[in-house]
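Given next are the chains, with one letter for each unit.
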Amino acid sequence: MVQGRLLHETTTLCRVCKNALPARVVATEAGEVWMQKACPTHGEQEVRLSTSADWYERTRALIPRAAPPPHSKKPVQHGCPFDCGPCPSHAQRVRMPVVTITSACDLDCPMCYVHNKNDGAYFMSQAEFRGVLDHLLESSGGDVDLINLTGGEPTLHPELPALVAMCKAAGIHRVSVCSHGLGLLRNDALLDRLAELGTRIALSFDTFDGATDKKLNGTKSVAQKLEVLRRFDRVGLDTTLIPVVTRGYNDHEIGRILALGLQLACVRHIEVHTMTYTGQGGVHFDRSGRISMIEVLERIAETTAGLLAPDDFVPSPCAHPLCYQIAYLLVDPAGGKPIPFTRFLDRDTLYACLGDHLYLEPGPRLERAMQDAIDRLWADGKDERTLRLLDALLRQLFPRKPLSPAEALRISERAVKAIYVHSHMDEETFDVERAYQCCDSNVYPDGVTVPVCNYNVLYREKEARFMLEPRAWGSRSGGRRSLPLLGGGRA
Amino acid sequence: MTRLDGKRCLVTGGSRGLGRAIGVAFARRGAQVAFTYSTDDADAEDAKRAVAEAGSEPLVFKGSVADAAHARATADAVAKAWGGIDVLVCNAAVTQILPISLLDEADWDLVMDVNVKGTYLFVRAALRHMIRQKRGAILTIGNFASERVIEAPVHYAASKSALRGLTEALAREVGRHGVRVNLLAPGLLERGLSQTLPQHRVDEFTDQSALHRLGGLDEIAELAAWLVSDDASFVSGSKLVADGGL
Chain A
1 MVQGRLLHET
11 TTLCRVCKNA
21 LPARVVATEA
31 GEVWMQKACP
41 THGEQEVRLS
51 TSADWYERTR
61 ALIPRAAPPP
71 HSKKPVQHGC
81 PFDCGPCPSH
91 AQRVRMPVVT
101 ITSACDLDCP
111 MCYVHNKNDG
121 AYFMSQAEFR
131 GVLDHLLESS
141 GGDVDLINLT
151 GGEPTLHPEL
161 PALVAMCKAA
171 GIHRVSVCSH
181 GLGLLRNDAL
191 LDRLAELGTR
201 IALSFDTFDG
211 ATDKKLNGTK
221 SVAQKLEVLR
231 RFDRVGLDTT
241 LIPVVTRGYN
251 DHEIGRILAL
261 GLQLACVRHI
271 EVHTMTYTGQ
281 GGVHFDRSGR
291 ISMIEVLERI
301 AETTAGLLAP
311 DDFVPSPCAH
321 PLCYQIAYLL
331 VDPAGGKPIP
341 FTRFLDRDTL
351 YACLGDHLYL
361 EPGPRLERAM
371 QDAIDRLWAD
381 GKDERTLRLL
391 DALLRQLFPR
401 KPLSPAEALR
411 ISERAVKAIY
421 VHSHMDEETF
431 DVERAYQCCD
441 SNVYPDGVTV
451 PVCNYNVLYR
461 EKEARFMLEP
471 RAWGSRSGGR
481 RSLPLLGGGR
491 A
Chain B
1001 MTRLDGKRCL
1011 VTGGSRGLGR
1021 AIGVAFARRG
1031 AQVAFTYSTD
1041 DADAEDAKRA
1051 VAEAGSEPLV
1061 FKGSVADAAH
1071 ARATADAVAK
1081 AWGGIDVLVC
1091 NAAVTQILPI
1101 SLLDEADWDL
1111 VMDVNVKGTY
1121 LFVRAALRHM
1131 IRQKRGAILT
1141 IGNFASERVI
1151 EAPVHYAASK
1161 SALRGLTEAL
1171 AREVGRHGVR
1181 VNLLAPGLLE
1191 RGLSQTLPQH
1201 RVDEFTDQSA
1211 LHRLGGLDEI
1221 AELAAWLVSD
1231 DASFVSGSKL
1241 VADGGL
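Just so you know, the protein sequences line up as chains A and B, in that order. Just so you know, the first sequence maps onto residues 1 to 491 in the working numbering. Just so you know, the second sequence maps onto residues 1001 to 1246 in the working numbering.
To be clear, the hints were calculated from the coordinates, so they are not data collected in a lab. Possibly wrong hints are sitting among the right ones.
[As the list claims (entries may be wrong)] When the alpha-carbon atoms are kept at most 25 angstroms apart in a straight line, the in silico DMTMM-like pairs for lysine to aspartate or glutamate are as follows:
{"#": "1", "chain 1": "A", "residue 1": "382", "chain 2": "B", "residue 2": "1105"}
{"#": "2", "chain 1": "A", "residue 1": "168", "chain 2": "B", "residue 2": "1203"}
{"#": "3", "chain 1": "A", "residue 1": "401", "chain 2": "B", "residue 2": "1168"}
{"#": "4", "chain 1": "A", "residue 1": "401", "chain 2": "B", "residue 2": "1107"}
{"#": "5", "chain 1": "A", "residue 1": "73", "chain 2": "A", "residue 2": "348"}
{"#": "6", "chain 1": "A", "residue 1": "401", "chain 2": "B", "residue 2": "1190"}
{"#": "7", "chain 1": "A", "residue 1": "401", "chain 2": "B", "residue 2": "1231"}
{"#": "8", "chain 1": "A", "residue 1": "401", "chain 2": "B", "residue 2": "1230"}
{"#": "9", "chain 1": "A", "residue 1": "382", "chain 2": "B", "residue 2": "1219"}
{"#": "10", "chain 1": "B", "residue 1": "1239", "chain 2": "B", "residue 2": "1190"}
{"#": "11", "chain 1": "A", "residue 1": "401", "chain 2": "B", "residue 2": "1203"}
{"#": "12", "chain 1": "A", "residue 1": "401", "chain 2": "B", "residue 2": "1218"}
{"#": "13", "chain 1": "A", "residue 1": "168", "chain 2": "B", "residue 2": "1046"}
{"#": "14", "chain 1": "A", "residue 1": "401", "chain 2": "B", "residue 2": "1113"}
{"#": "15", "chain 1": "A", "residue 1": "401", "chain 2": "B", "residue 2": "1046"}
{"#": "16", "chain 1": "A", "residue 1": "220", "chain 2": "A", "residue 2": "106"}
{"#": "17", "chain 1": "A", "residue 1": "401", "chain 2": "B", "residue 2": "1173"}
{"#": "18", "chain 1": "A", "residue 1": "382", "chain 2": "B", "residue 2": "1104"}
{"#": "19", "chain 1": "A", "residue 1": "401", "chain 2": "B", "residue 2": "1076"}
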């Protein structure tokens, strides 16, 4: 075990049996952060959480905004993370509901972090989906701004457009569908219908290199992915690019992927995921590729020629600060370099503006922040380009003839693009301190919600919908009953 | 119901929103209605149909209210067609959601040209006919932005304040000719400005107003009909704020 200064204690999982274990998180002399634990059956284990203890401590010191779910579904019985539903200890309500609408998938990616089942595949019915929406709307007081439909490969669901239409009818304006996109190359009718419904495709896009694609996804689909994006651009199908970053495989390409996303009009956001070692593929994947959040931010800085620095990112106040890092950029339609928001808004202000939703939404706080920024830029007179871009955006957003909310959202998301870096946990890096602050949850028709990392590591393998041989419930022990308190700090 | 039987009415900016509602309300009360619009032919066609269905086949004129020739030609054409003008409603207006730091000279000029100069031009064009007739009613459309300390684009608020001065001075000046001049200042309505504002700004308005809701176009059109009718024969130089109690 490496020696180091204790940063905090927590509860984690054994990488073999997944029983809960106490863990120490330490800063080493080399300035790294490691988690250390010992399983009575499987012995001592340690894993590196971050290459920068300074960044880790500074970031972890932030307290997420308290927003517990309105009601719990399960009592505390086995301790965190074994009582999800949520249990009364959970500290964040669901901001990113994830609905697994099918177990079917036509790829078999070596990096896949979920379990799929194609024999007797599961397809969520409209009645079940209605249950999901009803519970979501009820538990959020109607304030659901986004939802993510996933699988499997959701485009294989025969009723996908109907499910998207149900979301739209429920007033959800960001309906994203996770997809590898390849099916949409063969199905123009589905492509057009999804565009018409205002769907956004969360398109997995990990590399420009065929050999790397083969290693990560078991296929060589780069040319097809680029063709998919061209089609999305043509039909106006909004897109979130989702690259999963793995050290030594594709981390050197991240700047190029971001450049593609910033350049294409159809791409509204880019959401970078760190590789996680769960599911049918991920659990066997080369673990030397594990990459921490700060390393991703540093790779972004290195590969974008200074466009973005780690300090241009802030955590989400709706989640544990180690889970999300978010940068917003003002895009220059004339082709100039995009401008990170932190160049004209201070980090604390941007952090506060993200306090109510996972994505920036119009609201008094954002309006005041932008007004203050514009006034300051104008008074200082030192940054005409930023002022000009904000001026043009404002005039587009408030023309003489009123825009619909969807039109306004589209204009603003084309002028302002977001980069989210999302660090998932697996059984090795699992930390209940992060789990109980999670705002991304798998949501079920009966109203049960399970944070996505807990779901990927512990819960999906117990569901007959996704597993040929599901594990039994209640087979693990050692859950944490009293949850740690977080410290305080600035963004 | 207030009647406007036989009154010859000209409404500027009558193709949509409040102007359209006023045209329809006037027609329903027996008035002859003419209206102007600046750009959207489809909206104008739609408004023309609505006014006709309400009882008056309208005269419709396209042009900018800030164009003196258009103002003169419109007033003369209405007077020629119907033998005079009894009512003028200066409703045409524009606004922009801009902070002072982004509000440049062209923005200022545009809003002042349409909202203030446009009113002045149409008032002057119609007034010649009213003075000749020795009677008439002019209604200017202000806004609560100039009556309350609220967040509003400063050029828009300034333009609406200017209309208050114009209304009061004009009422004093032309009362001796039997012409009444009043200002109607609506709050935030279901259509128009409220549709361009972020929802939280609309919510802020409804939260703070006594009636906790937006105003209806028909509610304001009712007041307009009353102010230009003979029922309001002793009302001039006045300002009626209808903002739900802000």
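Structure-based check of all given hints:
Annotation: proposed proximity of residue 382 of chain A to residue 1105 of chain B holds, straight-line Cα distance about 21 angstroms (limit 25 angstroms). A C-alpha spacing of about 22 angstroms is found between residue 168 of chain A and residue 1203 of chain B, which places the hinted pair at or below 25 angstroms, so the restraint holds. At most 25 angstroms may separate the alpha-carbon atoms for a hinted pair to count; residue 401 of chain A and residue 1168 of chain B exceed this at roughly 31 angstroms. At most 25 angstroms may separate the alpha-carbon atoms for a hinted pair to count; residue 401 of chain A and residue 1107 of chain B meet this at roughly 16 angstroms.
At roughly 34 angstroms between alpha-carbon atoms, residue 73 of chain A and residue 348 of chain A are farther apart than 25 angstroms, so this suggested pair is violated. For the hint pairing residue 401 of chain A with residue 1190 of chain B, the CA-to-CA distance comes to about 14 angstroms; that is within 25 angstroms, so the pair holds. Proposed proximity of residue 401 of chain A and residue 1231 of chain B is contradicted: the alpha carbons are some 35 angstroms apart, above 25 angstroms. At most 25 angstroms may separate the alpha-carbon atoms for a hinted pair to count; residue 401 of chain A and residue 1230 of chain B exceed this at roughly 35 angstroms.
For a cut-off of 25 angstroms, the pair hint linking residue 382 of chain A to residue 1219 of chain B is broken: about 49 angstroms separates their Cα positions. About 22 angstroms separates the Cα atoms of residue 1239 of chain B and residue 1190 of chain B, which keeps this hinted pair within 25 angstroms; it holds. With a C-alpha separation of about 20 angstroms, the suggested pair residue 401 of chain A and residue 1203 of chain B falls inside the 25 angstroms cut-off, and the hint holds. Between residue 401 of chain A and residue 1218 of chain B the CA atoms are separated by roughly 20 angstroms; this keeps the pair inside 25 angstroms, and the hint holds.
The suggested pairing of residue 168 of chain A with residue 1046 of chain B is violated, with an alpha-carbon distance near 30 angstroms, which exceeds 25 angstroms. Distance restraint check for residue 401 of chain A and residue 1113 of chain B: the Cα-Cα separation of roughly 18 angstroms lies within the 25 angstroms cut-off, and the hinted pair is therefore satisfied. For the suggested pair residue 401 of chain A and residue 1046 of chain B, the alpha carbons sit about 16 angstroms apart, so the restraint of at most 25 angstroms is met. For the proposed pair residue 220 of chain A and residue 106 of chain A, the alpha carbon gap of about 14 angstroms is at most 25 angstroms, so the pair holds.
Simply put, residue 401 of chain A and residue 1173 of chain B have alpha-carbon atoms about 37 angstroms apart, too far for the 25 angstroms limit, and the pair is violated. At most 25 angstroms may separate the alpha-carbon atoms for a hinted pair to count; residue 382 of chain A and residue 1104 of chain B meet this at roughly 18 angstroms. A distance of roughly 30 angstroms separates the Cα atoms of residue 401 of chain A and residue 1076 of chain B; the hinted pair therefore is violated under the 25 angstroms criterion.
In terms of the numbered hints stated before, the structure departs from hints 3, 5, 7, 8, 9, 13, 17 and 19, listed from lowest to highest.
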